[in-house]
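Those protein sequences? They're chains L and W, same order as listed. To convert, note that position 114 of the first sequence is 114 in full-length UniProt numbering; the numbers rise steadily by one, no gaps. To convert, note that position 184 of the second sequence is 184 in full-length UniProt numbering; the numbers rise steadily by one, no gaps.
Heads up, some of the hints might be wrong.
Said to hold, decoys possible - DSBU-like mimics (lysine-lysine), calculated; alpha carbons at most 35 angstroms apart, straight line:
no., chain 1, residue 1, chain 2, residue 2
1, W, LYS95, L, LYS129
2, L, LYS90, L, LYS159
3, L, LYS206, W, LYS95
4, L, LYS206, W, LYS99
5, L, LYS129, W, LYS138
6, L, LYS159, W, LYS121
7, W, LYS99, W, LYS143
8, L, LYS160, W, LYS199
9, W, LYS246, W, LYS366
10, W, LYS310, W, LYS278
11, L, LYS171, W, LYS278
12, L, LYS31, L, LYS43
13, L, LYS171, W, LYS246
14, L, LYS171, W, LYS199
Hint data in this document are derived by calculation from the structure and do not stem from the laboratory. Fair warning: this is a prediction, and the values are worked out from it, not measured in the lab.
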Amino acid sequence: MVIARRFGATQPVSQLWLVLAIAMVRFYMEKGTHKGLYKSIQKTLKFFQTFALLEIVHCLIGIVPTSVIVAGVQVSSRIFMVWLITHSIKPIQNEESVVLFLVAWTVTEITRYSFYTFSLLDHLPYFIKWARYNFFIILYPVGVAGELLTIYAALPYVKKTGMFSIRLPNKYNVSFDYYYFLLITMASYIPLFPQLYFHMLRQRRKVLHGEVIVEKDD
Amino acid sequence: MICLWDSQNSWDFSKPREPCGPEPAEAWAALGLSRPPPEAGPALHRARREVPPCLPPRVSLPPVLSRRCVHSKASVLGDPAPRGRPQEVEILDAKTREKLCFLDKVEPHATIAEIKNLFTKTHPQWYPARQSLRLDPKGKSLKDEDVLQKLPVGTTATLYFRDLGAQISWVTVFLTEYAGPLFIYLLFYFRVPFIYGHKYDFTSSRHTVVHLACICHSFHYIKRLLETLFVHRFSHGTMPLRNIFKNCTYYWGFAAWMAYYINHPLYTPPTYGAQQVKLALAIFVICQLGNFSIHMALRDLRPAGSKTRKIPYPTKNPFTWLFLLVSCPNYTYEVGSWIGFAIMTQCLPVALFSLVGFTQMTIWAKGKHRSYLKEFRDYPPLRMPIIPFLL
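Whole structure, please, built from the sequences with the hints as guidance.
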C-alpha cells in the first residue's frame with residue numbers, strides 16, 4: 001500500500017520532468033536561443049516544483065528515508081527560486097544562468113525519480129543507480145552556480161524597485177529589505193551547499209562502494 | 001547481601017568458595033532476576049582474567065599518562081570494613097566496544113558518580129560531567145546517584161561509555177545568555193553611534209512608552225540573572241558547550257532586533273495610546289510576579305543540594321494557584337509577559353519573539369508534563385502542560 005502510494009507519486013512526477021526536458025530541447029531547436037525559454041515552460045515548472053512540497057510530506061510520514069530537514073532545505077530553495085526570483089523579477093527571465101539551473105534541475109530530477117520508480121519496481125538497472133549517485137557531482141555545483149548568478153543578476157532590479165520590502169515608519173514597527181534578504185540568502189549557500197554536497201558524497205560511498213560509515217552523533 | 005567471597009580468604013583462589021550469606025536465589029530475586037546472571041559463580045573459580053592495559057585514548061596524550069588503569073586498592077569510599085562483595089567494573093566504548101578501563105575491587109554500594117571519578121583519573125580529558133555511562137550501548141544514561149549493586153549486573157559490571165563532548169555549566173550559560181540582552185538593549189536605547197543616523201547619536205526618544213519598554217525589558221533580564229544566581233536549583237550541572245553559542249545567538253539576536261525598532265527615531269507608538277500601554281503594563285507586571293512566584297515555589301519543593309522531584313502544588317500565594325490548571329505555570333507567565341510587552345510596544349519582532357519562545361516552551365512543558373505523568377501515579381488529571389484546558 002505504501003509502495004503503491006509512493007509509486008503513484010513518483011511516476012507522474014518523473015514523466016513531468018521528462019516532458020519539461022523535451023519542451024526545453026524542442027524550444028531551443030526551434031528558436032535557436034534560450035530567450036523566451038522560461039516563459040514557455042514556466043507554467044509546467046511552477047506546477048510541479050510546487051508539487052515537490054509532497055516530498056516533505058513523504059519524509060514526514062516516513063515513506064522516504066531522507067531526513068525532513070534535508071528535503072525541506074532542498075524544496076524550499078527550489079520554491080524560493082521559482083516563485084520569489086524568476087517569477088517575480090521578470091527582467092532576469094532571459095538570463096543564461098536561468099537555463100543553467102533549469103537544465104541542472106531537470107536532469108537531476110529525471111535521474112532521481114527514475115531511480116525511485118525503478119527501485120519500487122525492483123528492477124533497478126545499475127546505470128540508473130550509477131547516474132543517481134554520480135551525476136550530482138557535476139549537477140549540484142552547476143545548479144548552485146545558476147541559482148547564485150540569477151539572484152546576483154536580480155539584485156539591481158530589487159534595489160531599484162524596492163519590491164517585497166517594508167519601510168519605517170509603520171504601525172507595526174517592523175521593516176524588511178528584500179535586497180539584504182537576498183544578500184543573506186546568497187551568503188547562506190556557503191554553509192548549506194557543502195553540507196548537502198558531502199551528504200550526497202557519503203551516500204554515494206555507502207551505496208556504490210558499500211562502505212560502512214560511522215555516523216557522527218550529536 | 002551476597003557474600004560469596006570470604007573476606008579472610010579473599011586472595012586464595014585455590015579453595016572453593018562457599019556462600020556465607022543468604023541463598024543466592026533470594027539475593028538475585030531482590031535485584032529482579034530469576035536466576036543469577038551468567039557470570040556469577042563460575043567467574044570466581046576462573047583464573048584471574050588477563051587485565052587489559054588501558055588503550056591509549058583517541059586524544060593523544062604524553063606517554064606518561066597512558067598507564068595501566070587497574071586499581072588494586074578496594075576502597076572507593078575508604079570504608080575499612082567492606083560490606084558485600086566488591087565488584088569488578090569494565091568500561092567499554094559504546095561505539096567501538098574497545099576496552100577503555102578495568103576497575104576491580106569497586107565497592108558494590110559505589111555510585112555511578114564515584115565510578116566516573118575513577119575513570120577520570122586515568123582518562124583526565126573525560127571529566128565526569130562529560131561521561132555518559134550506560135548498561136546498554138544504545139540505552140539511557142545511568143544517573144550519578146545510581147548505586148552499582150542495585151543495577152542488574154553480574155560480578156563484572158560492563159558499562160558503556162559515551163563522550164558527551166565539552167561541557168559548560170548551566171549557571172554560566174544562563175548568566176551569559178541573559179546578560180547579553182540586558183546590555184544590548186541599552187546600547188540601542190541610548191542610541192549609541194553607528195546604529196541609527198549620526199544626527200540621532202545619544203538622543204532620547206520623545207515617547208514615554210519607549211522609556212517604559214526599556215525599564216520593563218531591563219527589569220525582566222535583571223530578574224532572570226538574579227534568579228539564576230539565587231533561586232534556581234538545577235538538576236543537571238552542565239550542558240554541551242555548543243549550546244552556549246546556539247542560545248546566545250537566539251537571545252542576543254532577538255534582543256538586538258527588537259531593540260532596534262523600539263528605540264528607532266521613526267518608532268510609531270501604539271494605536272490606542274496610553275490605554276493600550278497601561279493594560280499591557282498591567283499584564284506584564286502580573287506575569288512577572290507570577291513567574292517569580294512559581295520559581296520560588298519550585299525552589300521550595302527541592303531542598304538545597306538535592307535532586308528530588310515532587311509534584312508542585314498551589315501555595316498561599318495566589319499566583320501559584322495556576323498550578324491547579326497547568327504543569328508549568330512559569331512558562332505560562334513567561335509567555336504572558338512577552339505578550340504584554342508586544343502589546344505595549346506594538347512591535348512585530350516582539351510578537352515573533354513571543355511566538356518562537358511560546359513554541360519552545362510548549363515543547364518543554366509537554367516534555368515535563370509527560371515525565372510528571374510517568375513518575376507520579378496520582379498526578380492531578382485536570383492539569384494541562386502550559387495553557388489551561390487547551391495545550
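Verification of the hints:
Taking the CA atoms of LYS95 (chain W) and LYS129 (chain L), the gap is about 31 angstroms. The hint holds against a cut of 35 angstroms. Simply put, LYS90 (chain L) and LYS159 (chain L) have alpha-carbon atoms about 14 angstroms apart, close enough for the 35 angstroms limit, and the pair holds. Using a Cα cut-off of 35 angstroms, the hinted pair LYS206 (chain L) and LYS95 (chain W) holds, with the two alpha carbons roughly 19 angstroms apart. The hinted pair formed by LYS206 (chain L) and LYS99 (chain W) meets the criterion: a straight-line CA distance of about 28 angstroms does not exceed 35 angstroms.
As the CA atoms of LYS129 (chain L) and LYS138 (chain W) are separated by approximately 33 angstroms, the hinted pair is consistent with the 35 angstroms bound. Proximity of LYS159 (chain L) to LYS121 (chain W) is assessed by CA-CA distance (about 62 angstroms); at most 35 angstroms being required, the pair is judged violated. Using a Cα cut-off of 35 angstroms, the hinted pair LYS99 (chain W) and LYS143 (chain W) holds, with the two alpha carbons roughly 21 angstroms apart. Pair hint LYS160 (chain L) plus LYS199 (chain W) holds up; C-alpha atoms about 26 angstroms apart against a cutoff of 35 angstroms.
A hinted pair counts as satisfied when its Cα atoms are at most 35 angstroms apart, and LYS246 (chain W) with LYS366 (chain W) qualifies at roughly 22 angstroms. Taking the CA atoms of LYS310 (chain W) and LYS278 (chain W), the gap is near 38 angstroms; set against the 35 angstroms cutoff, the hint is violated. Proximity of LYS171 (chain L) to LYS278 (chain W) is assessed by CA-CA distance (about 19 angstroms); at most 35 angstroms being required, the pair is judged to hold. This hinted pair checks out: LYS31 (chain L) and LYS43 (chain L) have alpha carbons roughly 19 angstroms apart, not beyond 35 angstroms.
For a cut-off of 35 angstroms, the pair hint linking LYS171 (chain L) to LYS246 (chain W) stands: about 32 angstroms separates their Cα positions. With a CA separation close to 23 angstroms, the supplied pair LYS171 (chain L) and LYS199 (chain W) stays within the 35 angstroms bound.
In this structure, the earlier hints numbered 6 and 10 are contradicted, and the remaining ones agree with it.
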